[in-house]
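Number of protein chains: 2
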Amino acid sequence: MAAAFSGADERLAPWVVPAAGEGRVFTLAALKPSAKPFSSGDKARDEAAVDALALDLDAWQNLFYADRRHRLLVVLQGTDASGKDGTIRRVFGRMSPLGVRTVGWKAPSEAERAHDYLWRIHAQVPGDGEIMVFNRSHYEDVLVPVVQGWIDERQTRQRYAHLNDFERLLTETGTTVVKFMLHISREEQRERLQERLDDPTKRWKFRLEDLEARKHWDDYQRAYEAMLRATSTPWAPWIVVPANSKLHRNLMVATVLRDVFASMGLSYPPDDPALAGLRID
Amino acid sequence: MAAAFSGADERLAPWVVPAAGEGRVFTLAALKPSAKPFSSGDKARDEAAVDALALDLDAWQNLFYADRRHRLLVVLQGTDASGKDGTIRRVFGRMSPLGVRTVGWKAPSEAERAHDYLWRIHAQVPGDGEIMVFNRSHYEDVLVPVVQGWIDERQTRQRYAHLNDFERLLTETGTTVVKFMLHISREEQRERLQERLDDPTKRWKFRLEDLEARKHWDDYQRAYEAMLRATSTPWAPWIVVPANSKLHRNLMVATVLRDVFASMGLSYPPDDPALAGLRID
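Chains as they are written, first to last, in my numbering: chain A, 791 to 1071; chain B, 791 to 1071.
With the rest of the complex left out, here is chain A (with noise of 0.2 Å):
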């Protein structure tokens, strides 16, 4: 199944990963944070066009989940201070809680470690006329191993096809597979980061760890360049989202969803010929 967004909107097309063999080459660094493609200009016409994709977004959820043909997978990556949260929030928000579930995922457990690292994600991935959202995900496996050493450049390339694999599974039974990596520059991670410390209400969100991985910013966007490059495939395309602008990156977000939702042609179930007329009593 071929990712139902590839090409259908114009202003996309520059932010889709090119799968590999495709010629085109793909840097990261071309690839502007600071960027509003999907932006008409007007702070007040995105923030009422937010809204309203989010509530048609929670339209189309109803619909797909009556569909049932159809799973829904969506990554999300990022740095942190990237807008993972924010992003689930204000794009997710206005779906029942019934209607959209969301895992994010962490170190691993020591029973998960028992087990390849796949393993722990298969488990969660969704079913019939359901939508997960993945905050972090499987691609967590070649980012920090890899920034940190754990793993060696063939043991990467090793990951790389697992993910890929795994991900054409998914999509040849039926999932769509929606990947967005969160693209913020180095200085408005510094700016948020700054902001959480000086929130009393944000500040316990805050872990020296992540000071740790921010030393580390350039090995850490050469890890995203390469996994990036590595892992979109014609199946499950990466989309790098501009993201310094938290009301674009929502925009864009959100904007892609409600074009994967129109695509799916989904409709509601047949009727119960059993059902015609009847009358409750």
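Hints should not be assumed to be uniformly reliable.
For chains that are exact copies, the list does not tell them apart, and a pair is met inside one copy or across any two.
[Unchecked claim] Below, a list of computed lysine to any residue pairs in the SDA-like style, where the Cα atoms sit at most 20 Å apart:
| no. | residue 1 | residue 2 |
| --- | --- | --- |
| 1 | Lys896 | Gln914 |
| 2 | Lys1036 | Phe1051 |
| 3 | Lys992 | Arg859 |
| 4 | Lys822 | Ala803 |
| 5 | Lys896 | Glu920 |
| 6 | Lys826 | Ala803 |
| 7 | Lys992 | Asn925 |
| 8 | Lys995 | Glu978 |
| 9 | Lys995 | Gly917 |
| 10 | Lys995 | Asp1061 |
| 11 | Lys1005 | Arg1069 |
| 12 | Lys992 | Asp1061 |
| 13 | Lys826 | Leu853 |
| 14 | Lys995 | Ser886 |
| 15 | Lys896 | Trp994 |
No wet-lab data here; the hints were simulated from the structure.
Fit chain B to the known structure of chain A by using the hints.
Same frame as chain A, but now just chain B:
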């Protein structure tokens, strides 16, 4: 741990099912599904109150998660069309999808039937800082099997004891269990089922089996009454919500939950001294 809300609100007291041994005799028929004990009498004002409460609950959820010393399990029980889905959408719908999880309990799978009936339930209870909403619950196991005659009286009493013991374990290890029984009249159910049938966007939700259960309305009311009497405990009392009015139902459930949060003494974790005055570069 005694339930946080007992006695806190005068309007609530008549709707809390007395625990066995409390002396007060409980009959479900004495509670009017059309009552509106939490209503101000003004519809617009009640609607505004529900909106405000839903936003309050979102703020409480943030603090609840930050505090990380409690777990919250909300149980929603009620006949078909009693409004469980609607309650979840309206009361929990302003929380971020990251902050609340729901499980809709259906007939057990083959693997689930190969275990005790609380096995699948236990696997889904909330962890520290988590809110879980059960859409139907372990209480289905003392309703359908009782009405259908699959279990006899001795087995039913045994199950009541299992349920009480299970919830005692949960509450004594840090989980607050809040159980709502959404109480509608037979006529109200008729109207809602007919509406579902007549609406082309809702008809797919209608199952002919729903009418089978409706034929046994009185048996189910008796099974509910016996269950409420036997499983309302000091640690996890049942609250009957008069739910013919959707607006009142939402108002009452949201108010009770707000009071539960407010009684928990939630706070942000203490500041890490290592973060004092830290500037990020």
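Tested hints:
1. Lys896 to Gln914: Both: 14 Å inside a copy, 18 Å across copies.
2. Lys1036 to Phe1051: neither (23 Å within a copy, 30 Å between copies)
3. Lys992 to Arg859: between (40 Å within a copy, 17 Å between copies)
4. Lys822 to Ala803: The answer is within: 14 Å in one copy meets 20 Å, while 59 Å across copies does not.
5. Lys896 to Glu920: Between copies, since 15 Å is at most 20 Å while 22 Å is not.
6. Lys826 to Ala803: within (14 Å within a copy, 55 Å between copies)
7. Lys992 to Asn925: For Lys992 and Asn925, only the intra-copy Cα distance (19 Å) is at most 20 Å; the inter-copy one is 32 Å.
8. Lys995 to Glu978: within (17 Å within a copy, 47 Å between copies)
9. Lys995 to Gly917: Between copies, since 18 Å is at most 20 Å while 32 Å is not.
10. Lys995 to Asp1061: Answer is between: at 10 Å across copies they meet the 20 Å cutoff, but 49 Å inside does not.
11. Lys1005 to Arg1069: between (68 Å within a copy, 14 Å between copies)
12. Lys992 to Asp1061: Result: close only across copies, 10 Å inter versus 50 Å intra.
13. Lys826 to Leu853: neither (30 Å within a copy, 33 Å between copies)
14. Lys995 to Ser886: between (26 Å within a copy, 16 Å between copies)
15. Lys896 to Trp994: Classified as within; 17 Å inside a copy, 38 Å across copies.
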